[in-house]
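*Asks:* Residue numbers (the working numbering), protein chains in the order written: chain A, 6 to 416; chain B, 6 to 416.
Identical copies carry no separate label here, and so any pair may be met within one copy or between two of them.
Subject to a maximum C-alpha distance of 20 Å in a straight line, what follows is the list of computed PhoX-like cross-link-like pairs (lysine-lysine):
no., residue 1, residue 2
1, Lys-309, Lys-75
2, Lys-34, Lys-272
3, Lys-207, Lys-270
4, Lys-411, Lys-349
5, Lys-411, Lys-332
6, Lys-332, Lys-385
7, Lys-385, Lys-411
8, Lys-332, Lys-404
Hints are computed from structural coordinates only; laboratory data are not their basis.
Number of protein chains: 2
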Amino acid sequence: MYGVLYFCRDIMPTISQKGRLMPSSPIRKLAPYAERAKKNGIHVYHLNIGQPDIETPHQFWDAIKNIDRKVLEYSPSDGFEEIKKRYARFFQTRYGLTNLLPEDLLVTTGGSEALMFTLFSILDSDDEIIIPEPLYANYIGFSKSGNINVRPIPTQFENGFALPSIDEFEKVINEKTKAILICNPNNPTGYAYSDSELHRLKEIVLKHNLFLISDEVYRDFIYADNNEYTSIFSFPEIEQNAIIVDSLSKRFSACGARIGMVATKNKEVLQTVLKFAQQRLSPPTVEQLGAIAMFDVEENYFTKVNIEYRKRRDTLVEGMNAIEGVKCHVPGGAFYCIVQLPVKDTDAFCQWMLSDFNYENETVMMAPASGFYTSEEKGKNEVRVAYVLNCNDLKKAIKCLEEGLKVYNSL
Amino acid sequence: MYGVLYFCRDIMPTISQKGRLMPSSPIRKLAPYAERAKKNGIHVYHLNIGQPDIETPHQFWDAIKNIDRKVLEYSPSDGFEEIKKRYARFFQTRYGLTNLLPEDLLVTTGGSEALMFTLFSILDSDDEIIIPEPLYANYIGFSKSGNINVRPIPTQFENGFALPSIDEFEKVINEKTKAILICNPNNPTGYAYSDSELHRLKEIVLKHNLFLISDEVYRDFIYADNNEYTSIFSFPEIEQNAIIVDSLSKRFSACGARIGMVATKNKEVLQTVLKFAQQRLSPPTVEQLGAIAMFDVEENYFTKVNIEYRKRRDTLVEGMNAIEGVKCHVPGGAFYCIVQLPVKDTDAFCQWMLSDFNYENETVMMAPASGFYTSEEKGKNEVRVAYVLNCNDLKKAIKCLEEGLKVYNSL
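Required output: the full structure, derived from the provided sequences and hints.
*Replies:* Structure representation (structure tokens):
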């Protein structure tokens, strides 16, 4: 009996439809090919993932070395009071958002959890959320987890992925629409929304009574000369509609900390997010204690990091556009851009770069852009590139890509 | 215009039905009353939450003090290879589950996330999961997050909450039923399932082709003289049905670490859980590094902790049963038990104990048991008690409860 049951697959319990249809991460799905390349002695330049190489502020490491506790206890579900205070003060002093108070925010296990709990709190099954496309792939996943439908609004490579007109939004708004989600500056396009675009969004959410979620985890990475940035929290008219999703991962090069937050003046939303937060008990304790100290970082940390990323951006854009058939725009923020390559299918090409190619024992890992679209046909000739390496390595990675394209297109 | 929009609530965007109906945690919802009592100088004995006072193994603290990294990077989505190896080896050597290999498990941000991803991976909207009741309150929350219906199987105070007969299960199994979830030993009842009960579950899942999820986070807390414990991983016949949910929180008194795991020999399930894990990027890095070292704890750590909890259990049970009108069983495992109190509504009573009562400037916080049932009418005269305090404090807490009951019932 044991053998029969064990080998007869059709009487095995089956996974969920949701699980089956859930896309694999476009950022991580090629990881096994990269591992194999590395085992074969090939150096892989990781342009696929937003894992910066910048040092985490020493305050984090110092703080965790000095923890004097005997029991590693839960923190409150919304985070330690001290981190909430430090978080709010940071937004007040550095971003001028004096209306963001400790009681308006709740600490989460990374920006990912912040967004998931927000979606669960405001959207039911079959409700719709509008997101400019291409979009951060995990937005699709979090939405699917809650059976929420993503309504993409196409943005165009040609104009650097600027926000579409109000008309384009109104075409897809219906009685199921509950929210608009933007990532500003944008992952994967690097587009930084202008003040007038934010005003446009404000008008739409007021007119149609929608929530406006702004994922602002890259807001320290703005490359306009005056560092101008408009947060959705700067419009008092929409303070009941506005929800900020944040994370310390990119700001402090502390991706592994998994500390983020949700901020909103809408008490009903925050109370609801808290119920989801209570279910998972608490965010990690040690990482919160390190994070509290990290807010003490010297102001010039941000200036230095910003200058470094601007150099990397310029190196990347110049290098990419110098390759025949390759096109990319100058992104205004974050550390990503969408690059058009002279190939038909970047999924196949990116895999090939890892499994079948090397140039002087080196290769490049990129994220095929199809995973950043809701429809599989889109973005087939695009990749998302994260410029998280120093300029020297970036140049080598670009050279490697150039050689790879030559070989691939002559196969 | 601003004033009108801002103050007119009926044109504000509204939260989700799911969020509105989501119950608050019975363990944490009275926290504001406890805070107020503390601010008034009253000492609160926390019997409401499974936050042990046992010291976390020093290996954890030593390891994080010795971290020599500059960049706090993401870990792999399924956890560092080293923690997966240590986790598997621990299960092999300590529990004798030699079939549990590193590639059969995936590291999660606590047992909470392990369970949520498991549910999302195997159950769709409106699918049903059978759970013996009373049940860990957050099982309801995680299920609601995925629009999954919980089908409770009532267990009885009178027989210590033993597993019901196969008949009882078959009464509620239908074409929507996908899984049975047990917590063994049980939170909130403290019941430890016998070998024959586990065999019964095995027969049911085989006959009806269901998944069997076993939340084994309390498995080091078994008080039978021979420490006998049957894991669902010890039945090869159901290796494609069996999914273990685990956490380091209770085993190592490391609740704040938020490190847990999912283990299953079913590759399709594990691959699907990985897709959800990739969305949230990774479990916390520093806490994983501490956890790796924590597996080196001396074997007598567990013996000492077990002896301590057995003493506490005996102190609690004896003390409670000595109070007029109070009843509780001797729990076989975990560090919880359901206690019947001579009051009509423990929600009101537990709140009153915090807001209106103190005995010699002390009071007790307990979790009203209604939150551990799917129907609001059940468990109204019960509380869940966590015996996570030393025997001395437990005795004082019990005395305090006794005095509280006297006053309350004479009001």
